[in-house]
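Given next are the chains, with one letter for each unit.
Number of protein chains: 2
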Amino acid sequence: MVSWNNLDQTAAFKKLAGIKKVSVAEKMAGEEGAQRVEKYSVPMAAGLSFNYAAKAVDDEVLAALAELAKEMQLTEKFEELYNGAVINTGEKRLVLHQLCRGQLGKDVIADGVNKREFYEAQRKAAADFANRVHKGEITNEAGEAFTTVVQIGIGGSDLGPRAIYLALENWAKQNDMLKMQARFISNVDPDDAASVLKSIDVSKSLFVLVSKSGTTLETLTNETFVKNKLAEAGLNPAKHMIAVTSETSPLASSSDYLAAFFMDDYIGGRYSSSSCVGGAILSLAFGPEVFERFLNGAAEEDKLAAKADPLENPDMLDALIGVYERNILGYPTTAVLPYSQALSRFPAHLQQLDMESNGKSVNRFGDKVDYVTGPVIFGEPGTNGQHSFYQLLHQGTDIIPLQFMGFRENQAGMDADIQGSTSQQKLCANVAAQIMAFACGKADENPNKSFAGNRPSSIIIGQQVNPESLGALLAHFENKVMFQGFLWNLNSFDQEGVQLGKILAKRVLAHNTDGALKAYSDLLGI
Amino acid sequence: MVSWNNLDQTAAFKKLAGIKKVSVAEKMAGEEGAQRVEKYSVPMAAGLSFNYAAKAVDDEVLAALAELAKEMQLTEKFEELYNGAVINTGEKRLVLHQLCRGQLGKDVIADGVNKREFYEAQRKAAADFANRVHKGEITNEAGEAFTTVVQIGIGGSDLGPRAIYLALENWAKQNDMLKMQARFISNVDPDDAASVLKSIDVSKSLFVLVSKSGTTLETLTNETFVKNKLAEAGLNPAKHMIAVTSETSPLASSSDYLAAFFMDDYIGGRYSSSSCVGGAILSLAFGPEVFERFLNGAAEEDKLAAKADPLENPDMLDALIGVYERNILGYPTTAVLPYSQALSRFPAHLQQLDMESNGKSVNRFGDKVDYVTGPVIFGEPGTNGQHSFYQLLHQGTDIIPLQFMGFRENQAGMDADIQGSTSQQKLCANVAAQIMAFACGKADENPNKSFAGNRPSSIIIGQQVNPESLGALLAHFENKVMFQGFLWNLNSFDQEGVQLGKILAKRVLAHNTDGALKAYSDLLGI
Chain A
54 MVSWNNLDQT AAFKKLAGIK KVSVAEKMAG EEGAQRVEKY SVPMAAGLSF
104 NYAAKAVDDE VLAALAELAK EMQLTEKFEE LYNGAVINTG EKRLVLHQLC
154 RGQLGKDVIA DGVNKREFYE AQRKAAADFA NRVHKGEITN EAGEAFTTVV
204 QIGIGGSDLG PRAIYLALEN WAKQNDMLKM QARFISNVDP DDAASVLKSI
254 DVSKSLFVLV SKSGTTLETL TNETFVKNKL AEAGLNPAKH MIAVTSETSP
304 LASSSDYLAA FFMDDYIGGR YSSSSCVGGA ILSLAFGPEV FERFLNGAAE
354 EDKLAAKADP LENPDMLDAL IGVYERNILG YPTTAVLPYS QALSRFPAHL
404 QQLDMESNGK SVNRFGDKVD YVTGPVIFGE PGTNGQHSFY QLLHQGTDII
454 PLQFMGFREN QAGMDADIQG STSQQKLCAN VAAQIMAFAC GKADENPNKS
504 FAGNRPSSII IGQQVNPESL GALLAHFENK VMFQGFLWNL NSFDQEGVQL
554 GKILAKRVLA HNTDGALKAY SDLLGI
Chain B
54 MVSWNNLDQT AAFKKLAGIK KVSVAEKMAG EEGAQRVEKY SVPMAAGLSF
104 NYAAKAVDDE VLAALAELAK EMQLTEKFEE LYNGAVINTG EKRLVLHQLC
154 RGQLGKDVIA DGVNKREFYE AQRKAAADFA NRVHKGEITN EAGEAFTTVV
204 QIGIGGSDLG PRAIYLALEN WAKQNDMLKM QARFISNVDP DDAASVLKSI
254 DVSKSLFVLV SKSGTTLETL TNETFVKNKL AEAGLNPAKH MIAVTSETSP
304 LASSSDYLAA FFMDDYIGGR YSSSSCVGGA ILSLAFGPEV FERFLNGAAE
354 EDKLAAKADP LENPDMLDAL IGVYERNILG YPTTAVLPYS QALSRFPAHL
404 QQLDMESNGK SVNRFGDKVD YVTGPVIFGE PGTNGQHSFY QLLHQGTDII
454 PLQFMGFREN QAGMDADIQG STSQQKLCAN VAAQIMAFAC GKADENPNKS
504 FAGNRPSSII IGQQVNPESL GALLAHFENK VMFQGFLWNL NSFDQEGVQL
554 GKILAKRVLA HNTDGALKAY SDLLGI
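One line per chain: the protein sequences are A and B, in this order.
Quick note on the numbering used here: the first sequence kicks off at 54 and runs consecutively.
Quick note on the numbering used here: the second sequence kicks off at 54 and runs consecutively.
Bear in mind the hints are in silico, worked out from the structure with no lab data behind them.
A portion of the hints provided could be inaccurate.
The list treats identical chains as one, so a pair stands whether inside a single copy or across any two.
[Stated by the list, open to error] Below 25 Å or equal to it, Euclidean Cα-Cα: the simulated DMTMM-like pairs (lysine to aspartate or glutamate) are:
1) K360 with E120
2) K502 with D420
3) K74 with D451
4) K188 with E129
Turn these sequences into a full structure, and let the hints steer you where they fit.
Written as structure tokens, this is what we have:
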């Protein structure tokens, strides 16, 4: 039986606080630095590796982190989770997103159903549907092939699938696997839907309406917007729309949709890319095989996450180091910096995944915790960020831990050789250079040109952004966030913090307001 | 004569620290809240207003902030700047981006040239060029009209112009002002250029190469990439490319370009959208009149920034409140949250503007400051953010000050009425609701459903995102960042923090490395 304790109740945490802090600048200089790069690396799935040489850790800190992992029973808690315990205590739900891509433990039976079988059946149903669309068996009413798929969803129904689509779009083009182009409508701002609809041929577009509850206001609003547009064009909306929802939602058995695919309450929105929330659109865009390869990469990473030794478990190790940085070193923010244009929206997905999961002040039992929890997460792709906010990262007054990603190969197979090196080589040279600049800094007699260094970073290195490595990346961060939730003793799987705004917005729309809320509403012309 | 002092040397700062902290939750409740919304508002240019009712200020704090502004001589320092003093002390340069859009003070003569006339001449040259392209006087070699304009630039040559283009694209479509579609290539990752080039008809595309120095590695690399592609397509690159650069750069008089337009060393990259860095592409995309309207909005805002009373100067007031939050209240991060899909990349521009300007640890004289400076800036458009990271903003352990923007009208003129309200009304209702949810929170017997409130925010409210209001918004933040730089006694106009990475990257590409840098390079396959 596991026990759920606060981080600051553990002996290991107190011990950690007392350990001498590591100077990244000292450790990363000279031959010792090279040895750290070799030694402080853990294999991940799909040929990736997690390298933490430039983090503020040494063997003593790592040993204490391993003790913390043991004392906090991280592995046992993960085991409980994947064996079907009610880990989401607030909403009294299981947490089963990993089960969409593999089965780590015993059969999970809930509501009388084998859940692995249920998720697999839904994946296959979406795959079959996609195959029929690709074969021309499902067409528009004029018998023409659908060329575009548009996801209508917000939050987890948007950010993850969108980041994944963008990450694989050029890879798919290059490998002749782009079956349909994908677009996304998320914002309730009508300009979002208007802009997407103007850019596509709606008569050849298939819309995927994604809402677990079937009640998400933004999504239903955008659905109506799209249906109006289809009707205006003389098209039957029911022949252009599928639903991804829960079996109990009002959308589940509606004749308004060509088909419906299901997730359930055990898949949180921000963890839903592996379910048919990601599966429907990605199978339509790239073909079901590509989506399966993505799931396989994620499943391989999940297996690593089940290992008890953090030095063999990149997800747990990343989590432990992050908590060390947040709660012992006191850094409030983390930057995510993929050196890959394909990952341009991956930071936005991680922002939701991390901040919505662990941006909480009370523990699983509703008691206020006495330590800080989830950090602010932000980021943009390198090298763009280098010409933007890196100034602050290098010379600002706060230290921001950095999470780099780098890949040896690009996707599109086009490159240019300039000044003796390719663009891809320049990209990789830059990420290597940045790690060292952040770590070691550089003294200069002009203080304005001095770099203090000691800015810790890790890097995930891979061969290429492809379905397998992307799946592994996604799972890595999901698992990292889960382990951090365990360490902070939070329920990482609810999001009560989004409710109050919804209630007040309804009051505004019902003109049932007074005081400042009415004053703001007046100013905004509502 | 102004004197440049550190923030913590002023009497007003010490006084501020001693003033009783304001409870936003208390102040914003009931009738007092409504009065604050009315009272704590300053007009901005182009019909915008800056409302700071939900900030942690009261009349006492505001009076002390006004004293600080006076003691720090903010107005006098701005006066020095726009009259042509060497404000960028590190690089010994004037700071003249405001002069691109208007003249607040006396004539600025530098290098024997009236700088206002110089910038105006460049704007007009780019405008004439754009008009000739639109009239079909400048075409491709086959005599066909150019339909697409592609900016090749990075950092300030990318983020600002891109954010502005995206902000006005749908407005321009709706108003029949979209003359050419625009695209952007920035990242040295070859997949960025490959993806853009695959999505356009290069034979009808005009490329704008933007590099002040003419030596930016990413930009030159992407230029070669594009030129190769043009040559492969049997096109003459020199007939498809214009340059925006400084008169002293190697690109200035090259026959490789159809035309060249100039900025100079007195326009920093992140402040260059008002120069022909923004002017060339925006005039080509929307027509020169739209770009002029944008400049006029910015110029109007600059005039407000010259006012001495912070209560009449929204840019200075925003700056003062931000410094109060950073240095007295101790908040390390600020979120930028535009409730407008059009402003989807505006936060990325502000991230550069703010973090690259004020992410510094030494003052203008090279002395280390004893206080924190520029915060981390991040953000996404609402309502998307509500379904993502807002959980942490509401219930996380850290308080993150918020900068909202909201507009009464959308751009595309399409909307849908659902459940008794339009999408636009829902959008506006949400931002009003969020402000109040953050300010006042809500007690609940379930601690997991409790909101502590007291999370300060401001909002800029306007009628619509259009050229004038967008210009005003841009200038507002430029001026805010400038005033904050004055308050922190920083040089906000250099970026020495980006240099070390460049040097190390060159060493990697020359295979002139050892230690950890070599080890990383090996792992990345360079």
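- Query: Which holds for K360 with E120 at a C-alpha limit of 25 Å: within a copy, between copies, both or neither?
  - Reply: within (14 Å within a copy, 60 Å between copies)
- Query: Are the CA atoms of K74 and D451 at most 25 Å apart within a copy, between copies, both, or neither?
  - Reply: Cα proximity of K74 and D451: in one copy and across copies (17 Å, 24 Å).
- Indicate which option fits the pair K502, D420 if close means a Cα-Cα distance not exceeding 25 Å: within, between, both or neither. Close across copies (12 Å), not inside one copy (47 Å); limit 25 Å.
- Up to 25 Å between alpha-carbons, please classify K188 paired with E129: within, between, both or neither. For K188 and E129, the Cα distance exceeds 25 Å both inside one copy (46 Å) and across copies (71 Å).
Hint check: a violation occurs at hint 4 only; the rest are consistent with the structure.
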